[in-house]
Amino acid sequence: MAYTRKDVTTLTRTEKRRFVDALLEVKRRGEYDEFVRTHIEYYVADGEKGLRAAHMAPSFLPWHRRFLLDLEQALRRVDPSVTVPYWDWTKDRSATASPWTADLLGGTGRGGDHRVTAGPFAYDGGAWPIRVNVTDIAYLTRDLGRSADPITLPTASDLKWALDDPVYDTAPWDSTVSKGFRNKLEGWGPGRGAASWRNHNRVHRWVGGAMVGGASVNDPVFWLVHAFVDLQWSRWQARHRDSRYLPAEPPGLGNAQRGRVVARHERMPPWDVTPDQLDDHSAIYRYA
Amino acid sequence: MIVNAEGAPDGARRESAEPARPGPGRRTRRHLLRGLIAPAVAVTLAPLVAASRPPGEAGPSRAPDPTRPPRPAPAPGGPVEAAAFEETYRGRRIRGVRTTDGRALGGDDTWHVTVDGRPLHLMRRADGTWMSMVDHYGSYPTPLEAARGAVDELGPREHLLPATHGDGGHDLRRGRHGVHP
Numbered sequence: 001m002a003y004t005r006k007d008v009t010t011l012t013r014t015e016k017r018r019f020v021d022a023l024l025e026v027k028r029r030g031e032y033d034e035f036v037r038t039h040i041e042y043y044v045a046d047g048e049k050g051l052r053a054a055h056m057a058p059s060f061l062p063w064h065r066r067f068l069l070d071l072e073q074a075l076r077r078v079d080p081s082v083t084v085p086y087w088d089w090t091k092d093r094s095a096t097a098s099p100w101t102a103d104l105l106g107g108t109g110r111g112g113d114h115r116v117t118a119g120p121f122a123y124d125g126g127a128w129p130i131r132v133n134v135t136d137i138a139y140l141t142r143d144l145g146r147s148a149d150p151i152t153l154p155t156a157s158d159l160k161w162a163l164d165d166p167v168y169d170t171a172p173w174d175s176t177v178s179k180g181f182r183n184k185l186e187g188w189g190p191g192r193g194a195a196s197w198r199n200h201n202r203v204h205r206w207v208g209g210a211m212v213g214g215a216s217v218n219d220p221v222f223w224l225v226h227a228f229v230d231l232q233w234s235r236w237q238a239r240h241r242d243s244r245y246l247p248a249e250p251p252g253l254g255n256a257q258r259g260r261v262v263a264r265h266e267r268m269p270p271w272d273v274t275p276d277q278l279d280d281h282s283a284i285y286r287y288a
Numbered sequence: 001m002i003v004n005a006e007g008a009p010d011g012a013r014r015e016s017a018e019p020a021r022p023g024p025g026r027r028t029r030r031h032l033l034r035g036l037i038a039p040a041v042a043v044t045l046a047p048l049v050a051a052s053r054p055p056g057e058a059g060p061s062r063a064p065d066p067t068r069p070p071r072p073a074p075a076p077g078g079p080v081e082a083a084a085f086e087e088t089y090r091g092r093r094i095r096g097v098r099t100t101d102g103r104a105l106g107g108d109d110t111w112h113v114t115v116d117g118r119p120l121h122l123m124r125r126a127d128g129t130w131m132s133m134v135d136h137y138g139s140y141p142t143p144l145e146a147a148r149g150a151v152d153e154l155g156p157r158e159h160l161l162p163a164t165h166g167d168g169g170h171d172l173r174r175g176r177h178g179v180h181p
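Heads up: the protein sequence lines correspond to chains A and B, in order.
Residue numbers for the first sequence follow the UniProt record's numbering, so the first one is 1 and each next one is one higher.
Residue numbers for the second sequence follow the UniProt record's numbering, so the first one is 1 and each next one is one higher.
The hints are simulated quantities; they were obtained by calculation from the structure and are not laboratory data.
Among the clues, some could well be false.
Claimed, not checked - Computed from the model, here is a short list of chain B residues facing chain A with C-beta under 10 angstroms:
1) Y89
2) T100
3) H136
4) E145
5) R157
To be verified - Here are the computed distance ranges between Cβ atoms for each label pair:
6) A:R244 to B:P156: 46 to 54 angstroms
7) B:D116 to A:T10: 22 to 30 angstroms
8) A:S178 to B:P162: 38 to 46 angstroms
9) B:H159 to A:A195: 24 to 32 angstroms
10) B:H159 to A:S147: 15 to 23 angstroms
11) A:T176 to B:G91: 29 to 37 angstroms
12) B:H159 to A:G126: 17 to 25 angstroms
Stated by the list, open to error - Over the 10 angstroms line for every Cβ pair with chain A, so calculated as not near, a few chain B residues:
13) R92
14) R98
15) G117
C-beta atoms are modelled at their ideal positions from N, C-alpha and C, and glycine is treated no differently.
Work out the full structure: start from the sequences and follow the hints.
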């Protein structure tokens with residue numbers, strides 16, 4: 001039977017504790033760091049050679065859907081009652097309320113080095129050492145709201161702008177496309193600086209610290225963010241019943257995107273699964 | 001038949017497929033990893049910087065300026081004209097030199113950039129802008145600005161990984177592929 005992913009603000013005290021405990025156990029087993037490595041490995045930018053499966057590509061959504069399922073599976077091996085909650089950043093916009101409480105993710109980092117000092121993932125607690133990183137620090141960092149040069153979280157209308165687009169994605173299927181649900185949600189906008197950071201990308205930057213870098217998975221909020229991103233895909237499907245994942249077929253011979261994006265029925269690395277097979281999650285989980 | 005990007009049959013084992021890392025890119029990374037470019041940087045950087053530094057731009061002796069705005073304007077000249085750059089930004093030594101052995105699609109505009117002597121891995125976006133391993137959800141018009149953006153994200157005692165551990169992230173990419181629950 002399908003399990004339920006819940007709004008993080010609705011978790012009971014026990015549900016929060018079990019979610020945190022399962023994360024800490026997956027970390028202790030060494031499994032968590034593999035997720036960090038995988039995310040770094042599959043972040044291929046669109047101005048470079050090679051297949052990009054995870055970002056700046058149509059498979060941004062199915063890739064992260066499968067990535068979340070793998071983490072959720074690891075959590076549920078520890079505690080079968082646990083599911084990944086989602087954080088609705090359009091609704092819960094405070095840097096001091098859920099999910100940033102000491103009984104869940106802990107809060108923002110301290111002044112200076114942005115080290116997280118409260119909650120289960122604070123370095124001094126000893127349960128969340130950062131072992132796979134792009135820099136030499138071993139502690140989790142955050143800078144909620146980007147204190148030196150503040151930005152706001154994306155809004156419900158920002159999300160609606162993405163959800164209203166009836167086309168899943170458009171050629172050249174990268175970070176430069178101005179149309180299509182996928183990039184509007186992933187959030188590569190035109191221009192430079194804060195004005196160009198939309199939806200998903202903007203949330204990464206609002207959280208700051210580890211979430212801005214290639215090792216963003218080190219912050220467990222990564223999963224709550226991507227559960228909400230995943231929920232948007234489901235909402236978009238419900239809104240546009242005749243629309244599907246694109247491209248349906250691989251780009252043709254001579255097309256610059258040939259071999260660089262995953263079409264609907266192509267294998268999406270590192271898994272033996274296609275975007276089409278991840279199109280419908282209702283048999284596995286649902287969102288409350 | 002469903003095939004992946006390298007033409008391997010769907011269902012090919014991931015150990016043999018390595019689909020996300022075609023040969024040329026991987027080879028380039030190893031050049032960087034093994035430091036083959038670093039000696040060239042040491043030999044050529046000083047004259048290149050001297051030749052390319054715009055008038056009025058402080059040289060290597062410039063002291064860190066704590067009053068400097070955190071996100072300054074683009075570098076005068078930019079990378080199109082210059083073959084290298086070097087500056088101290090917020091107390092960090094930033095150096096960059098253009099290489100010709102690149103992963104970028106153009107192939108002729110790849111940069112080897114260091115912060116305090118440690119490699120900063122840059123990636124290229126399709127719109128020509130640059131992003132770094134420590135700043136992955138936004139991009140910058142030039143490699144120098146991407147390096148400054150990376151410095152902005154570093155804490156006071158936080159450093160990039162030493163070159164012997166990879167060029168700021170490549171080391172993390174080696175080894176196991178995929179998630180093995």
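Outcome of the hint check:
At its closest, the beta carbon of B:Y89 sits 15 angstroms from a beta carbon of chain A; the interface hint therefore is violated under the 10 angstroms criterion. With a least beta-carbon distance of about 15 angstroms to chain A, the hint placing B:T100 at the interface is violated under the 10 angstroms criterion. Using the Cβ-Cβ criterion of 10 angstroms, the hint placing B:H136 at the interface with chain A is satisfied: the shortest such distance is roughly 5 angstroms. Residue-level restraint check for B:E145 holds (minimum Cβ-Cβ distance to chain A is 9 angstroms; threshold 10 angstroms).
Checking B:R157 against chain A: minimum C-beta separation of about 6 angstroms stays under 10 angstroms; hint holds. About 49 angstroms separates the C-beta atoms of A:R244 and B:P156, a value consistent with the hinted range of 46 to 54 angstroms. About 46 angstroms separates the C-beta atoms of B:D116 and A:T10, a value inconsistent with the hinted range of 22 to 30 angstroms. Distance hint for A:S178 and B:P162: a CB-CB separation of about 41 angstroms, consistent with the stated range 38 to 46 angstroms.
Roughly 31 angstroms separates the CB atoms of B:H159 and A:A195, a value that falls within the hinted 24 to 32 angstroms. Separated by about 21 angstroms at the C-beta atoms, B:H159 and A:S147 satisfy the suggested range of 15 to 23 angstroms. A beta carbon spacing of about 35 angstroms between A:T176 and B:G91 agrees with the range 29 to 37 angstroms that was offered as a hint. For the pair B:H159 and A:G126, the beta carbons lie near 23 angstroms from each other, so the given range of 17 to 25 angstroms is met.
Consistency note on B:R92: stated as away from chain A, and its beta-carbon is indeed over 10 angstroms from all of that chain's, at 12 angstroms minimum. No Cβ of chain A approaches the Cβ of B:R98 within 10 angstroms, the least distance being about 15 angstroms, so the stated non-interface status holds. Listed as outside the interface, B:G117 is consistent with that label: its C-beta sits roughly 13 angstroms from the nearest C-beta of chain A, beyond the 10 angstroms cut-off.
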